[in-house]
Structure formats: structure tokens, C-alpha cells
Amino acid sequence: MAEPFLIGEAMTGGYGGADILHACTIAVEKGQIAVIVGPNGAGKSTAMKAVFGMLKLRAGHVKLAGEDITALSPQARVAKGMGFVPQTHNIFTSMTVEENLEMGAFIRRDDFRDTLAQVYDLFPVLKQKRLQAAGELSGGQRQQVAVGRALMTQPKVLMLDEPTAGVSPIVMDELFDRIIEVARTGISILMVEQNARQALEIADKGFVLVQGANRFTDTGAALLADPEVRRSFLGG
Amino acid sequence: MTRNLALFGTVAVLFILTGMFQSWNLSLSILGISLLSAIMALGVNIQWGYAGLFNTGIMGFTALGGLAVVLVSARPVAEGWAAGGTGILGGLFLGAASIAAAVFAWNRMAPGRARMLVTLVICIGGFILFRMVFDPAVSAVEAFNPATAGNIGGLGLPALVSWPVGGLLAAAAAWAIGKISLGLRSDYLAIATLGIAEIVIAVMKNEDWLARGVKNIIDLPRPWPVPYEVELQQSAAFVDWATRWGFDPMTASSIIVKLMYIALFTAVLLAVIWLSERALNSPWGRMMRAIRDNEVSSAAMGKDVKRRHLQVFILGSAVVGIAGAMYTSMAGQLLPGEYNPLRFTFLIWVMVIVGGSGNNWGAVLGGLLIGWLWLIVESLGPLVMSGIVAGMADGALKTHLVDSAQHMRLLTLGVILLLVLRFSPRGLIPEK
Amino acid sequence: MDILNALIVFLNFVFVPGLAYGAQLALGALGVTLIYGILRFSNFAHGDTMAFGTMVTILVTWWFQSMGINFGVLPTALLALPFGIAVTALFALGTDRVIYRFYRKQKAAPVILVMVSLGVMFVMNGIVRLIIGVDDQNFTDGERFVISAGDFKTATGLAEGLAIKTTQAVTVATALIVMALLFWFLQKTRTGKSMRAFSDNEDLALLSGINPDRVVAVTWIIAAGLATIAGVLYGLDKSFKPFVYFQLLLPIFAAAIVGGLGSPIGAIAGGFLIAFSEVMVTYAWKKVVTYIVPESMAPDGLLQLMSTDYKFAVSFAILIIVLIFMPTGLFKGKSV
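For the record, the sequence lines run as chains S, H and P.
Quick note on numbering that gives the first Met the number 0: the first sequence kicks off at 0 and runs consecutively.
Quick note on numbering that gives the first Met the number 0: the second sequence kicks off at 0 and runs consecutively.
Quick note on numbering that gives the first Met the number 0: the third sequence kicks off at 0 and runs consecutively.
Don't read these hints as lab results, they were simulated from the structure.
One should not assume that every hint holds.
[What the hints assert, rightly or not] Residues of chain S clear of chain P, computed beta-carbon distances all greater than 12 Å:
1) T69
2) F83
3) I90
4) E98
5) M102
6) E180
7) A182
8) T184
9) R196
10) I201
11) T216
12) R230
[Said to hold, decoys possible] Here are the simulated BS3-like cross-link-like pairs (lysine-lysine), alpha carbons at most 27 Å apart as the crow flies:
13) H/K204 to P/K106
14) P/K106 to H/K305
15) P/K106 to P/K164
16) H/K204 to P/K285
17) P/K164 to P/K237
18) P/K240 to H/K214
19) P/K240 to S/K128
20) P/K187 to S/K126
21) P/K240 to H/K204
22) S/K29 to S/K79
23) P/K285 to S/K79
24) P/K331 to H/K305
25) P/K187 to S/K128
26) P/K106 to H/K431
27) P/K286 to P/K164
28) P/K240 to H/K397
29) P/K104 to S/K55
30) H/K178 to P/K152
31) P/K152 to P/K237
32) S/K55 to P/K285
33) P/K237 to P/K285
Note that the Cβ used here is the ideal one computed from N, Cα and C, for glycine as well.
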């Protein structure tokens, strides 16, 4: 079996103190959606941050398209084709929607108008509000700005930290639809989600983490069907 | 412990060397001022070391202490007081009352246009009333014998009484400023105190009725038990004693006076240290440090952070005020033009940082060491500079360099502050 | 009743001086607010940076004058200004490299950085005093007036004259050009936008690949430029005295806070607000009122709210009012 497009393998580490991750493995294939779920404090976000290089690993490594990127800084990983949408503070509130997207494309020196048009096609509401300050938008629209900003570098992998935190169920469904659309364009999606059931429904692959270690790993559908997963993590 | 003793020993040696190679008079007068600076540094250390409050208005509190000396211990000007004393008091009272009324109205009324209007009317009306009562009274006071008086005079009480009053005055100012700017972000307190200090000095320079402004007040009485040099020189017993020990009576008298001041200041210094050490090791002190180290969690535990900060701010400022009063008492005169933020605010900060913030002994060491350095450079700087430029041909540049030697100390202190912050941020005697 | 003459007196003694002073404060406050927005501390060395930049400009001006170079009717100092800016910018970059960068990497608390800026203030103050001394330096040359009071009177036939000094006109014109350039830079250029992004959300800016060292360097250069321009304009309009520049720190900070720290537009509004308040509160209104009210009601007193010695108290009072009622300032600056 070929190695996945992006893999954080046997990652062990934490924020300086005790380890939070214990030989945790997260991976996503090209053009697929992988979802990390688990109870509060399971280290879901930490696992994703580890993949993105935001904490130091004591053991394990991260590989992107076969290349070992464990030693790279987050900024360098962005340049390698990874996009990251933090859970909070993920937009420039005082800047317009368009400026937010421009800042997303900051590392690009080529003409990014095509990408801008693509993002506007994906999120039509952003085109409407392109000259409005991003901080004045609704919660769902802000998340669209945040995702749009990350897409401006034309990443090969898009990583989302709880994109639906704090938005209404209707907005959540819409966001998930958009995420599926993004995946269809060939971008791999790695996502941490609190709404485990809905997230697993759209996931090609699911990782259930407990206390910083892998508990279950399977396709989204299989996990949803697994009675133990259902009982312990999906509330029956 | 041995390290700390060694540090204090080094400072002592510096003073002894100054006495031996320059003069004992100089060494002792530097020591007196350094002791006062050390007390101010203690006050600042209470604010910064215990609570992390950044006060850049030390000069203002020092000057308020000096003002207290004039108001309490200067000789009374009965005619001046009779001419307008009550009017001035009445005017000030009206002013304070209208501010209080405005605050009351603002707090009690429902938000809205009416509240805004009422508050404004009280403020403007109060200001007009204040000026109507205050202005004529001031003119009356200042009209009386402006060449020698023109002010309301003091109470003629002993100088020692004025010291705690200086503390009280500074504490009152600290209360007002703390009420407003504590609880906001830390730089705001710095800016607010910087401003209040400038305003205190402006008031003291311009309100001639208060302390004669830039016309200065001189001949303030000495604190008990410090004698006057002239008295000593005229006393047969003293001259006898001095000659018996082989001293020149003139020099001996001024040294005795300085030693007396030093003894007084040391007593106050030790009292302040003793009190603040006790406070620091009490439950109150532990709470203060807990608040400083983690404001959020202390607030979450139900500590009233703002109130504690206000307490500490007032206490520290009061200590500075007392030291300021002592300074004016020793100088025997109040010269508002002399107060300058570099000398009276930022120099004290350098003392605290260099000595060790959070540690009272550190603050004292910093006060003595930096105080010595600051004053010795004044007398040694030109000497050193002329040595440096001795080989140069006479000319404009050489004169300029010699003349500017006095400015070297700002540069030196800046560099010292930056070096300590960078390489030894905890200071010479770190917090335990 | 003589509205026209009253208006001329008002323009001559309140509006024109207030406008020039406001422009100087606004430029100073812009520097403070930019440093605050990007580097997140109140730079107490800003007043002395102004003094330093002005000093360099004065030295170059003297050099030009000694070589017989002048700028016609305009002050020679304007020709020397670019040199002043360049040297000050280099100095600011140097202090950042040697001093501030260490604390930035450490993520030191803002109050530590403020204290460090105090140290820098001492050093700059010492350098300025060493080189140029503490005395007043007048370096204004060129034509003194755009319109002198006498010319105005003969031209209009009014009893009151309106004088506009060249330095006032130069101040307002320069300030307008500088502000327009700054806003164009911040709003339209890639680097300017990256600075706004960095000020808005540092982590996300880093994530977007914005180079923090570059942003910080550009900020120091701009702040040094603004400080030098503000200092030179103030020095041309009044005179250059190092200690006065230190004291300008208070109205400048007041302007920046009143406008909202971190907000450039707020700094400009705050600068003019503080300047006009200072001038209006310390101006003796007697002459204006005498023209407006009937003769019988002419005031006896000077109608001066406060003596000019208390101008700091005015900026301070406004600062306090704003701190009490809207701690983030008129234009919603940063509050943390």
C-alpha cells in the first residue's frame, strides 16, 4: 500500500510539559476528507497542530507527499502546500473580506486573481461582501472567509480546526457541503470536529482519539456503524 | 546573604573612597541624598515589586511632599492668609464639591441625555462659581508684599510634622489617579502618572499664592534635632571640642549637620523597610504577590484586584511623598523649577531595576549605588572629560566636550538600565 | 457687533495656531500608534526620537546654510529633512536590532518593553544633549510670513489682521501630504496591508507567511520618519529645545489614546482634538467676545479658562475623560 498523501506518524509530544500525544497517527489521502473526533481533552486539536508543526514532537514524523517535513516551521509548511484554519481568531477582523483573501495569498508572487475568482465561486456571499470589514460578518460567513483565506495559497491539504464551532446547524450543513466541494477539486481535507456524527458522515476516513492516542481508525461509514464507537462517542 | 553583604560593603567602600579622595563633606551629602532616593525607591518597589504597577509620576509625589513642608512648617504669613485664605479654601471647597456632585449625579442618574446634561451643567456651573470665589481671593493674597511673601504662608509647625503630611498629600493624589487609571491596561497608569506629575509641577510653579511659585520659598526650618552650622560655630563648647580633636570648626559643623540628617533618614528608611517587610510576609503581602503573578486567577478566586492595587499604589506613593518632604526639609527651600522627571522619576526607576525589583534591600542598594553614581559623575565627569580631551588642541570641539560632560550621566544611566534589563533583569539582589 | 473682525481674531489666534499644532501632534501620535499596533507597547522614547531626528535635521540645515544652499522662501530644514529621517530610521533600526528584538523573541510583557523604551529614552536624550546641548535652537529661515497681519489689514480694510506664518503653512501642507501617503501605503500597498494584518491578528499573519521582521523593520522606519517630520515641523513653528520634546510625550500619548491606540485615523483625530482644546482653553477670549457682544456688555476679565502654563492639564483632562468613558478611544483601538 502506498503511503498516504499527508501522514503524521506515531507522533509523541506536548507543549513543553507532559506529553499530550502518545504515538498518535493521523493521515489523509489525496482528495479525501479525514476527520479527527473524540471526547473533550482527547488531544484532537493538538494532533492537528502537531501535523502542522505548531508543537515540537519528541518522537514520530510528519510526511507530505513522501517528503519528511517534521523539522519545518508552520510557515514553511504553508509554502509546501498546507493550509490551516485555526478554530478562533482566524480572520483579520478590521480588514475587508477581499483584503483577508489577499493576505491569504501573501506568499504568492504570481497573479492570484484566478484563485480569488474560484474562492468567490465557492462562497458567493463573500463576493457580495468583499468590501465589508470581515469582523462585521455573521459567524458562518466569517468561517467562509477563514476557509477562503486558507485556500488562497492553493494548498494541497486544507486543515480545519473545528470549523463549525459556534455556528447554527443549518450553517453547519452548508459549511460541510462547501468542504465536500473543496475536496472534490482534489484538495485533501483534515478536520477536527466536535459534531462527530455529522462529520463522520462526510468523512472518507475517521480517527477516534482518546487521551492522545488512536482508539479507532476506519472509514467514516464503518465508524458510524460500529456499535462501540456509537455507544462511547456518538451518544448511542 | 554574604553576597548581599558584599554588595552593601562595596557601596560603603565607594562612599569611603569618595570621602578620602574628594572630601567627607561631599561624600556625606551624596549619602544623604542617596538615602532619600533609597526611600523613594522603596516606595516605588512597593508598587512595582509587590503589585507590578508602573508609576512614572514619582516626581509629582516627591513635589507634593515638598509642598507639604511649606504648608506645614514655613513661617505663617498672617496678612496674606487674612486677605484671602478663607476665599481660597472656599473656592477649592466649591470646586471639589462640584466635582463630587457631578460624580454623584453621573452615578445616580439613569444613562441618557438628561444625565449628560445635568453633569455638564454641574461641571460648568461649578467651574464658574469656583473662579468667582477663588480668583479675587488669589489676587488679594498675591497682592500682599509680593517681594517677600504673596502667599498664604505655612502653619509654622515643626518640620518633622510636615513629613507625614507630605505622605498624606501624596496618598490623596495617588487615590484620585489610581481610582481612574487602575484597572485599565498597564501603560495607561504610566501615562496618567506621567501627566499628573507634570501638572503638580505646573501648579507649584504657577500658583504663587500657594508656595510663591518660581519665586521659591527659602528658609524652611530644620527638622529636630538637626542644628544650624552657624549655631554650632558660635557655640564655644563645640569649637572647643572640634579643636581638641584637631578639626576645623567650619568643616566639623557641616559634617555634624550632615551626620544628623543621615541618622534621621536612616531611621525613616529602616522603619519603612521594617514595615514593608512585615507587610510583605503577612497574609496581605502573600495575596499581593499572588495577584501580581496571576491577576486573572486571583480575580477568579474572589480577590478584589483593583482595590488591592489601589491600596498598594497609595501606600507606595505615600512613602515617596514622605521622602519628598524630607528632601525639601533638608534643602531648606522649595524650588519648583528644580523638579525634572529624569532626575526625580526615571532615576528612581533605574535604582529599583538595578537593585532588584521586588526586594526591599535591593531597592535600598540600588538607591545608594545609583545615587552615588549620579552625584559623583556630576563632580567627576568634567574632570574625567578634561583628562580625555587633554591631548586635543584647544578649540570649539574641546570646549563643547568638556561642557557636555554633565550630560554623559543620562547616557550612562540609560546604558546601565538597558544592560541590567537585558542581562540581569532580576537586579543585583533578586526577589526571594 | 462685528462678526467679521471677531472671526479674524478667532482664526488668527485660535484656528491657525491650533491647526498647525494639531498637525504636529497628529504626526507624533501616528508614530506612537503605529509602534503600539505592531510592536504592542507604548514607546516612551518617541519624544526623544523626535528630538533626535530634529537634531540631525538641524545639523544638516546648518551645513547647508554654511554652503550657501537654501530653499528660497521655504525653510532650508525641509531640504535637510530627508537626511534627518534617514539617520533617525537607521538609529531606530539599530535600537530594534540591539535592544527590542531580544524582548520580542522572548515575548516579554508590554510593561517590560515600556521600561526598555525608558532606557532607550535616556540614551537618546543623552546623545541629543551631548551633541547639540540643552538650549533653544532656532533654525527657521526663508520667508517669515505667507500673509502678514499688516498686509492682510491693508488688503481687506479690516481692523484685525490675519497672519499666517510660512512655518504654519508648511506644517499643515507637509502633514497633509504625509498623512495621505501613509494612508495610501497602509490601504493600498502589499507591505502596508501586511502591516495592518500583523497589527490585527499576529498569529494569523504569521500563518499567512507575513515576515514579522520585515513588518517590524518597516514600522520602525515609518515611525522614525513620522517622528522626525513632527519634530522638525514643531521646531520650525516654535523652537527646538530637547526638554520640550520630552514633554510633548504627554499630549502625543493623550492624542493617540483619545483616538484609540493602534488606530491611525484615531491618532489624527486625537491630535487635532487635543491641540484645539489646548489652544481654546488657554486662549483669552476677551477680544473675540468684545467684537460680538454689544459695547455695554463688553467683558472686564480676560475670559481665559486656564493660564497657558496649564496646557498639559488640558490634554491630561481630555485623556482622563476618555479613559473613564471610552477606554478604547474614539476609534476603537486595542484595549488589552
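Hint check:
| no. | hint | verdict |
| --- | --- | --- |
| 1 | T69 | holds (19 Å) |
| 2 | F83 | violated (6 Å) |
| 3 | I90 | violated (7 Å) |
| 4 | E98 | violated (6 Å) |
| 5 | M102 | violated (5 Å) |
| 6 | E180 | holds (23 Å) |
| 7 | A182 | holds (21 Å) |
| 8 | T184 | holds (21 Å) |
| 9 | R196 | holds (30 Å) |
| 10 | I201 | holds (25 Å) |
| 11 | T216 | holds (28 Å) |
| 12 | R230 | holds (38 Å) |
| 13 | H/K204 to P/K106 | violated (42 Å) |
| 14 | P/K106 to H/K305 | holds (25 Å) |
| 15 | P/K106 to P/K164 | violated (47 Å) |
| 16 | H/K204 to P/K285 | holds (25 Å) |
| 17 | P/K164 to P/K237 | holds (11 Å) |
| 18 | P/K240 to H/K214 | holds (23 Å) |
| 19 | P/K240 to S/K128 | violated (51 Å) |
| 20 | P/K187 to S/K126 | holds (19 Å) |
| 21 | P/K240 to H/K204 | holds (20 Å) |
| 22 | S/K29 to S/K79 | holds (15 Å) |
| 23 | P/K285 to S/K79 | violated (72 Å) |
| 24 | P/K331 to H/K305 | holds (24 Å) |
| 25 | P/K187 to S/K128 | holds (19 Å) |
| 26 | P/K106 to H/K431 | holds (24 Å) |
| 27 | P/K286 to P/K164 | holds (21 Å) |
| 28 | P/K240 to H/K397 | holds (23 Å) |
| 29 | P/K104 to S/K55 | holds (17 Å) |
| 30 | H/K178 to P/K152 | violated (52 Å) |
| 31 | P/K152 to P/K237 | holds (25 Å) |
| 32 | S/K55 to P/K285 | violated (72 Å) |
| 33 | P/K237 to P/K285 | holds (24 Å) |
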